[in-house]
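The opening position of the sequence shown corresponds to residue 387 in the numbering used here, with each subsequent residue numbered one higher.
By construction, these hints were calculated from the structure, which means they are not laboratory data. Watch out, some of these pointers could steer you wrong.
[Unchecked claim] Only pairs whose alpha carbons sit at most 30 Å apart, straight line, appear in this in silico DSS-like list of lysine-lysine:
1. K404 with K467
2. K407 with K467
3. K415 with K467
4. K415 with K404
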Amino acid sequence: MYCFAEPLINKNYTVAAKIAKFQAEFNFKAANVRFTPPPNRDAEGPLSVHAYLYILDRFIIDTYEHSVTFSMVLCTQWVDKRLVWEHESAPTSIVYTFWVYVWSPRIRFSNTINAESTVYVPVHVDSDGIVMRCQVYDIIAPCSFDLSAFPNDVHNCSLSFSSINYGSHDIIFEPWITESEISSSEWKLLPSARALNVPQPSTGNISTVVVDLQIRRQPHLYGFRVYLAMRTSHLLLALTILAPESCRISLTYMLLLTTCLQHGFLATMTRSSTETPRILWQSSASVFLSLVTVCSSLLRSSFRPSKLINTLKRTLSVLERCILLSGVGLLVVILLFQ
Numbered sequence: 387m388y389c390f391a392e393p394l395i396n397k398n399y400t401v402a403a404k405i406a407k408f409q410a411e412f413n414f415k416a417a418n419v420r421f422t423p424p425p426n427r428d429a430e431g432p433l434s435v436h437a438y439l440y441i442l443d444r445f446i447i448d449t450y451e452h453s454v455t456f457s458m459v460l461c462t463q464w465v466d467k468r469l470v471w472e473h474e475s476a477p478t479s480i481v482y483t484f485w486v487y488v489w490s491p492r493i494r495f496s497n498t499i500n501a502e503s504t505v506y507v508p509v510h511v512d513s514d515g516i517v518m519r520c521q522v523y524d525i526i527a528p529c530s531f532d533l534s535a536f537p538n539d540v541h542n543c544s545l546s547f548s549s550i551n552y553g554s555h556d557i558i559f560e561p562w563i564t565e566s567e568i569s570s571s572e573w574k575l576l577p578s579a580r581a582l583n584v585p586q587p588s589t590g591n592i593s594t595v596v597v598d599l600q601i602r603r604q605p606h607l608y609g610f611r612v613y614l615a616m617r618t619s620h621l622l623l624a625l626t627i628l629a630p631e632s633c634r635i636s637l638t639y640m641l642l643l644t645t646c647l648q649h650g651f652l653a654t655m656t657r658s659s660t661e662t663p664r665i666l667w668q669s670s671a672s673v674f675l676s677l678v679t680v681c682s683s684l685l686r687s688s689f690r691p692s693k694l695i696n697t698l699k700r701t702l703s704v705l706e707r708c709i710l711l712s713g714v715g716l717l718v719v720i721l722l723f724q
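Work out the full structure: start from the sequences and follow the hints.
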């Protein structure tokens with residue numbers, strides 16, 4: 387077995403040595419054209435760069451700062467005819483090298499927090515001159531957080547990256563944005579993209595890609611918890627109207643307590659909004675209606691003093707039980723919010 391393995395090992399060493407030698411020659415060849423203009427500046431037209439944006443599942447949404455922070459992988463692909471080689475006469479058809487050895491568009495993000503070291507970003511080059519480079523960026527994108535439609539709100543965010551050209555319309559980006567969904571969250575990300583060419587008289591033409599992100603809250607995960615208190619207050623209001631006179635006061639107290647808790651919760655959730663949400667106006671109307679109901683019930687009872695005393699006794703007994711039930715219900719709601 388050793389006799390058969392030794393020639394195979396020697397053969398592998400020979401192939402590896404040829405590949406290493408070829409890659410060193412390729413790096414030297416590519417380095418000579420790294421600081422030159424784009425590959426086809428004097429050819430048939432501008433260089434077409436495919437930009438693939440993969441938005442990772444790591445999000446920090448800040449409604450107070452009106453921004454979203456996330457990680458993103460940007461893969462750019464283009465054709466450089468100066469790096470083509472004959473596959474039949476070479477030991478390999480693919481070369482893995484670093485960004486420092488090849489020409490690539492100088493991409494700059496306007497919202498970058500952090501990026502990988504550009505010197506050691508891996509680059510994939512094949513024998514047809516197709517170059518692909520991928521890099522990870524940490525991005526913070528401004529958003530127009532408007533909670534007027536809470537909990538069915540949609541927020542628009544945007545980020546942009548650009549590449550300085552050597553002349554007019556040297557580089558044209560063709561963006562491809564992947565759709566992503568934030569798992570285990572109440573949000574869903576719906577990305578789209580549009581490419582713009584922004585002229586800058588001082589530096590020539592700059593190819594700019596503007597990426598529009600749409601962050602949408604998922605009502606089926608959040609709306610049920612929001613509307614739970616509202617539906618409870620509506621039910622109590624209906625019971626108050628249909629209930630007999632002896633139970634009406636206790637029901638109005640429960641209605642007032644429920645609407646106040648609901649309004650406080652909604653006000654806490656939407657306090658970072660630039661506009662007052664419609665659901666908060668509805669909650670305010672419910673609180674006002676419950677106050678009117680309590681006042682009207684007390685005024686009706688005040689005209690019958692003897693009956694009022696008996697009603698208060700029954701109310702205290704019923705109210706004690708209602709407070710206990712409300713506490714249990716509030717505990718259940720808090721557990722649902724976790």
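Take a quick look at whether K415 and K467 sit within 30 Å of each other, Cα to Cα. Cα-Cα ~12 Å, so holds.
Measure nothing beyond the straight line between the CA atoms of K404 and K467; if it is 30 Å or shorter, mark the hint as holding. holds, 23 Å
With the threshold set at 30 Å, check whether the alpha-carbon distance from K415 to K404 stays at or below it. holds, 16 Å
Need the status of pair K407, K467: alpha-carbon distance at most 30 Å? Distance of about 21 Å is within 30 Å: holds.
In summary, this structure violates none of the numbered hints.
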